[in-house]
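Chemist: Now for the letters of each chain:
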Amino acid sequence: MARVHLWASLRRFADGLDVVEVEAATVGQMFDALERAHPGLAPAINAGLSVAVDGEIIANNRAAPVAPNSEVYLLQRLKGG
Amino acid sequence: MARDEIKTGYKLIGTRPNRPDGLDKVTGRARYGADFSLPGMLWAAVVRSPHAHARIKKIDMSKAMALAGVKAVITRADLPTGLTGEDLNLQDNTLAGDKALYDGHAVAAVAATSALVAQDAARLIEVEYEILPHVIDVDAAMAPQAPVIREGVADYSVPEGMHPNVSRYIEFGHGDVEAGFAAADIVREQTYKTEATHQGYIEPHACVGQMGEDGRGEMWVCTQGHWYIRRMCASVLGIEAANLRVTPSEIGGGFGGKTTIFMEPLALALSKKAGGRPVKLVMTRSEVLRATGPTASASMDVKLGMTSDGTITAGQIYFRMQGGAFPGMSPIGEALPCAFACYDIPALRHEAVEVIANRPKAAAYRAPGSPMAAFAVESLVDEMCRELKLDPIEVRLKNGARNGSKSSYGPVYNVIGLQETLEAAKAHPNYQIPLGPNQGRGVASGFWFNHGGETSVSLAVGEDGTATVSVGTPDIGGSRASLALMVAECLGIAYENVRVNIVETGALGVNEPTHGSRATFASGKAAVAAARQAIAEMCRRAAADWGIDPEAVEWKDGAAHPAGPNAGKFPPMTIGEIGAKMGSTGGPISGHHEVTAEGVGASFGTHVVDVEVDPETGRTTVLRYLVVQDAGTAIHPAYVEGQYQGGAAQGIGWALNEEYVYGPDGRLQNAAFLDYRIPVASDLPMIDTVIVEVPNPGHPYGVRGVGETGITPPLPAIAAAVAGATGARIRSLPLSPPKVLAAIKDARKG
Amino acid sequence: MTKIHVTTTVNGDPVEFLADPRETLLDALRNHLDLTGTKEGCGTGDCGACSVTVDGTLVCSCLMLAAEADGKAVETIEGMAGEELHPLQRKFIEHAALQCGFCTPGILVAAKALLERNPDPTDTEIRFWLAGNLCRCTGYDKIIRAVQDAAAEMRGAA
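Chains as they are written, first to last, in my numbering: chain A, 1 to 81; chain B, 1001 to 1750; chain C, 2001 to 2158.
It cannot be assumed that every hint is accurate.
[As the list claims (entries may be wrong)] Pulled from the structure, derived: some chain B residues nowhere near chain A, Cβ distances all over 10 Å:
#, residue
1, D1087
2, P1159
3, G1173
4, C1385
5, L1397
6, P1434
7, E1454
8, T1466
9, A1494
10, A1552
[Claimed, not checked] If you want the footprint, here are the derived chain B segments under chain A, 3+ residues with CB under 8 Å:
#, region
11, 1404–1411
12, 1477–1484
[Stated by the list, open to error] Partial list, derived from the structure: chain B residues whose beta carbon lies under 8 Å from chain A:
#, residue
13, Y1156
14, S1157
15, Y1169
16, I1170
17, F1172
18, G1333
19, T1596
20, E1598
Keep in mind that the hints were calculated from the coordinates and are not lab data.
Built from N, CA and C at the ideal position, the CB exists for glycine as well.
Generate the whole structure from the sequences, applying the supplied hints.
Modeler: If you want it as structure tokens, here you go:
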């Protein structure tokens, strides 16, 4: 199970959990599993998120791989000027 | 595609050839937004609200319509209904609905046979307003008594009980912050404020739009991203994106402010209403300042714990930002992760709220959010260094992020160059120069994530062995040159034999704008991939000609060669020879690559500034300025230096002069370059640069974006230098002479 | 409104046009004469993007009425290069003294006017002469260096 770390202000949409464990082989599957487990996270996911998988930033790629023991951090969608 | 194993030995990368568009730009031939015209073209003018917050009760267009030469007038009633989310916000900003939400908000627009007739007609449009209470200041906008600007702006993230003007909320962190503060020798907490500033591009927004009654249209526009213009105009007007073809002009500066629409749909809607005649719409400077994207204003609390040897034990921030009358426009989501990005601190807590106010819809501005965050955090770091009599570079070296550090916002930094910039700054002669009376030195570091983004690039080999590259990222500061260098390096041909064109929306897949410091990184990465695809095809053509296996062909110095003695003995076949006969060897040879580019390399820089403050007037003179920044690999070093210098100059303006000044009536009082004073040539010294090169493993030539980080350190570095010169610490920008003078007097009383 | 018949010389060529009394010289150059190299950045004489010379005097063409150009000799960026670039133009390219390039025509026209008066300016003199020409991209560093290099070349050639 990949461990998905939620930022603090997301935790109230996930029963107060700071880490949610999900079964996922890709970033897209991770998002879908998160949303199934905690439907309250849907607005945040739909607003667009970037992630860090085992330290590496994935700005916007649902196909990026997630390993069974990956540590995933959710990030605000990153862009710039 | 990871970085090449070759680290050095480039033939072209790192050289400084003339930019290909230089000739057009020094002769006045380059066509910018307002330089384009079409037969039968009309001119447009926009009616704007003089009120910060007002209900629009009635718009009487009859006198304007009666004026000879007027061909079309539009109000919100001419735009489709039923939009939601950001599309609705864009439409609301393009033309006000029930309410005008800021001074300068567009209310109506007119097209006529000349610019003067259009302006006359705009003055004849009578708008009846009911003035409503307004709020400008970020902290006032969320105070209990603040007028509610718009209902329902809060998104999912806002906890219950906050003021209805609050639109977003973020909190994150790690470690035990209280334990960290308990372990510190000193814990300090301060509040910092920055005012809104404008990107200040010298070219006002301009476009020519044409749309027929069938909803098909064309647009020529100065923009950082023409696919964004296409998508946003299509949404606002209720047409299909494919029916709108958008061609970018040369762009006279953007800095983030030209990544969105402000008035472009008006030209199309007016054109449609005027029977499809093309319409030119050019903003005045006053319109640019009143109605296009300034950055957010910010109010920021910072708390830090430090041991007496300079180890930072914990940090906590609470940022409040307003991004105008529309939600989602302030950069809180960027400011928070940037705030401590330069440091490796065991315990951190970040919190931010966004609030709306009666100001124009904010847009991105160079490293959005990072300059404000740096002003707050780097200023407090500097205050604590001075209190503990510690060298500010040593403290940053001690606490600074390095390879493998876990960043303040989650990811682990792989290969970064912050420490290298600090070492280079420490070793630079500027850091050793003795200071005179009323002089001070400031140091600060800065960060930007950098961005990859959606990218589509095509490359075609010519019959003469040259290469034409089609990219979708407008050239805002020399990217044609950097892209041509990379492609020429890859193909092994002369720089002059690569032509880079910025092509329209019909010619490539969707490209994000030139934003996020991504043009040289992402278009470069895709262009190199496209060139390699073309090389593979050229090797196949040579192999077929030689009758050997394609794997037995290698490409070097612009030609196919048999790979080693076993492949056979054939003379090299040059790209010119392959191109000349490609029609008879299988047809045109091209390469194409499209990707949402990942693998960006984080960008860090360190600045050192010396100032002298006149104790009689409070005027600050920048004596010398040093920018040290990691470029990964500097493809065209002169344009890398240019980004460093330009970013520093904008940051210096933000620190010393620039601010949006509102009157009690909520009107912008300085909507002209005379009063919104950006740095002029006589304000600045030469800006010294050191390009650090710690190659980014995520790019074939090691590129990191270089465009944005440079605006970040000047805010705190200058405030620190002024504190050093005067003994007065000023925690709100700009450091205008009256404010500095008052602070000097207070410090003397102290 | 009755238009005014204006007869003038632009870059050595005789030209005539009809101007609305409210139109500026900048409007006339751009919209009547198709000389769009001169830019409008502010319309209030603060940015210098519209710099031209009129009878040898450097002016902001946005602050001068088109009708006032009658009988005068106007020089714009389009007249700066002959068959070869002016040394300032060449040095601006070589020194990467432009990024977006929008302020460049005005700065070149202003710098040329400076070097005609003062062929050997100090950095400070260049900075104060160009203080009316805003550039948002470069921080001015490379502009000052390009002007110095062009001035040195022009002195050497003289």
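Chemist: All hints, please: hold or fail.
Modeler: Results of checking the hints against the structure:
1. Its beta-carbon lying about 14 Å from the closest one in chain A, D1087 of chain B satisfies the requirement of being farther than 10 Å from that chain.
2. At roughly 7 Å, the least C-beta separation between P1159 of chain B and chain A is not larger than 10 Å, which violates its mark as non-interface.
3. With a cut of 10 Å on Cβ distances, G1173 of chain B falls inside the contact zone with chain A, its closest approach being about 6 Å.
4. Non-interface call for C1385 of chain B relative to chain A: holds, since the shortest CB-CB distance, roughly 29 Å, exceeds 10 Å.
5. Distance check on L1397 of chain B: its Cβ is at least 23 Å (rounded) from any Cβ of chain A, clearing the 10 Å threshold; non-interface status holds.
6. Interface exclusion of P1434 of chain B from chain A stands, the closest Cβ pair being 38 Å apart, more than 10 Å.
7. Listed as a non-interface residue, E1454 of chain B fails to keep its Cβ farther than 10 Å from every Cβ of chain A; the least gap is roughly 8 Å.
8. For T1466 of chain B, the requirement that its beta carbon stay farther than 10 Å from each beta carbon of chain A is met, with the minimum near 33 Å.
9. With a cut of 10 Å on Cβ distances, A1494 of chain B stays outside the contact zone with chain A, its closest approach being about 33 Å.
10. For A1552 of chain B, the condition that its CB be more than 10 Å from all CB atoms of chain A holds, with the nearest at approximately 34 Å.
11. With 4 residues carrying a beta carbon less than 8 Å from a beta carbon of chain A, the region 1404–1411 of chain B meets the three-residue requirement, and the given coverage holds.
12. Judged by the Cβ-Cβ criterion of 8 Å, the region 1477–1484 of chain B is not covered by chain A as claimed, because only 0 of its residues qualify and three are needed.
13. The beta carbon of Y1156 of chain B comes within 4 Å of a beta carbon in chain A, closer than 8 Å, and the hint placing it at the interface holds.
14. The closest approach between the C-beta of S1157 of chain B and any C-beta of chain A is roughly 6 Å, which is under the 8 Å cut-off, so the hint is satisfied.
15. Here the hint on Y1169 of chain B is kept, as its CB sits about 6 Å from the closest CB of chain A, short of 8 Å.
16. For I1170 of chain B, the interface hint holds, since its Cβ comes within 8 Å of a Cβ in chain A; the closest pair sits about 6 Å apart.
17. A hinted interface residue such as F1172 of chain B counts as satisfied when its beta carbon comes closer than 8 Å to some beta carbon of chain A; here the least separation is about 4 Å, so the hint holds.
18. The interface hint given for G1333 of chain B is met, as the beta carbon of that residue sits about 4 Å from the closest beta carbon of chain A, less than 8 Å.
19. Look at T1596 of chain B: its Cβ gets to within about 5 Å of chain A, closer than 8 Å, so that hint holds up.
20. This hint holds: E1598 of chain B has a C-beta 6 Å from the nearest C-beta of chain A, less than the 8 Å allowed.
Taken one by one, the earlier hints fail for this structure at numbers 2, 3, 7, 12, listed in ascending order.
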